[in-house]
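Model the full assembly from the supplied sequences, consistent with the hints where possible.
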Amino acid sequence: MRYGGHMRVNSQQGMTLAELMAAMSVAAILCALAVPTLGGAMERQRLRSHGLLLLGSANHARSEALRRNQPVYLCAANLKKNLELQGCQAPQAGASQQWREGGLSYADLGADNAAYDGGERLRLVMFDRERVSVAAPAGQLAWLPDGQMRPDGGLVFRLRSGHLCLDVTIAADGRASLGSVGDACA
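Last residue of the sequence shown? That's 186 in the UniProt record's numbering, and every number before it is there in order.
These are calculated hints, taken from the structure and not from any lab test.
Because the structure is a prediction, the values reported are computed rather than measured.
Ideal placement from N, C-alpha and C gives every residue a C-beta, glycine not left out.
Do not rely on the hints blindly, as some may be mistaken.
[As the list claims (entries may be wrong)] FRET-style restraints, in silico, Cβ to Cβ:
1. Gln-92 - Gln-70: 24 to 30 Å
2. Ser-63 - Ala-28: 21 to 27 Å
3. Met-42 - Ala-22: 27 to 33 Å
4. Ala-93 - Gly-154: 21 to 27 Å
5. Ala-27 - Val-156: 22 to 28 Å
6. Gln-98 - Gly-147: 37 to 43 Å
7. Gln-70 - His-163: 39 to 45 Å
8. Ala-18 - Arg-131: 41 to 47 Å
[As the list claims (entries may be wrong)] Once the Cα atoms are required to be at most 20 Å apart in a straight line, the calculated SDA-like pairs of lysine to any residue come out as:
9. Lys-81 - Arg-129
10. Lys-80 - Val-125
11. Lys-80 - Leu-124
12. Lys-80 - Gln-98
13. Lys-81 - Asp-128
14. Lys-81 - Glu-130
15. Lys-80 - Arg-121
16. Lys-80 - Met-126
17. Lys-80 - Gln-97
18. Lys-81 - Arg-131
19. Lys-80 - Asp-128
20. Lys-81 - Leu-124
21. Lys-81 - Met-24
22. Lys-80 - Ala-115
23. Lys-81 - Arg-100
24. Lys-80 - Glu-43
25. Lys-80 - Gln-45
26. Lys-81 - Ser-63
27. Lys-81 - Ser-133
28. Lys-80 - Asp-117
29. Lys-80 - Gln-92
30. Lys-80 - Ala-95
31. Lys-81 - Val-125
32. Lys-80 - Leu-122
33. Lys-80 - Glu-120
34. Lys-80 - Gly-139
35. Lys-80 - Met-15
Here it is as C-alpha cells:
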C-alpha cells in the first residue's frame, strides 16, 4: 500500500517449526490430561442413563396400574440372543436378583397368574449387561390398582459400572426416585 509515497511491507510471517512443535506438544499434553476425565464422565452418564431407564419403567408401571385399575408388573426381562423378548427371568437363588438384560413391564390380562403371556407387554427397556450390572432383592415387582407396590416396604435397585454405583429407590407407596452416582459402593 502507498502512504505518502512510501511503500509499507507486510512484516507478518508464518510460524517457525519450533513454535509449531511446541504448540502441538502443549495440545497433546492437554488431550492426555482430558482423556481420563472424559472416560469417567462417560461412565457416570452411562450409569445415569440406565438408572433413568429403570426409573421411567417403574413410574410407567405405577401410572398404568392407576390408569387401568389393575395390577401392573415389572420383572427382569429374559431376552434371546437376537434380543427378542421371551418373558421374565426365572427367580434366581439368593437374596439378590440380577436384572442382566433389562426390565419388562406388563399388565397380566388374565389377571390370575401374575405371569407374562405374549401380548401383555407395556414397556421393555434393555440394559448394557457388559458395562452395567443391575441388582434388586426381587425379580418381579407389582403395582396394585391404588399405586402401592408389592413386595411391601419398598426396595432399592443397585446399578454398578466399574467402581461407580447408583441406587434407584422404590418406596412402599410405589413412587420411584433416582439417587446420585457415587464411588461408595457397599
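Looking back at the hints listed earlier, which ones does the structure fail to meet? 2, 5, 6, 21, 24, 25, 26, 30 and 35
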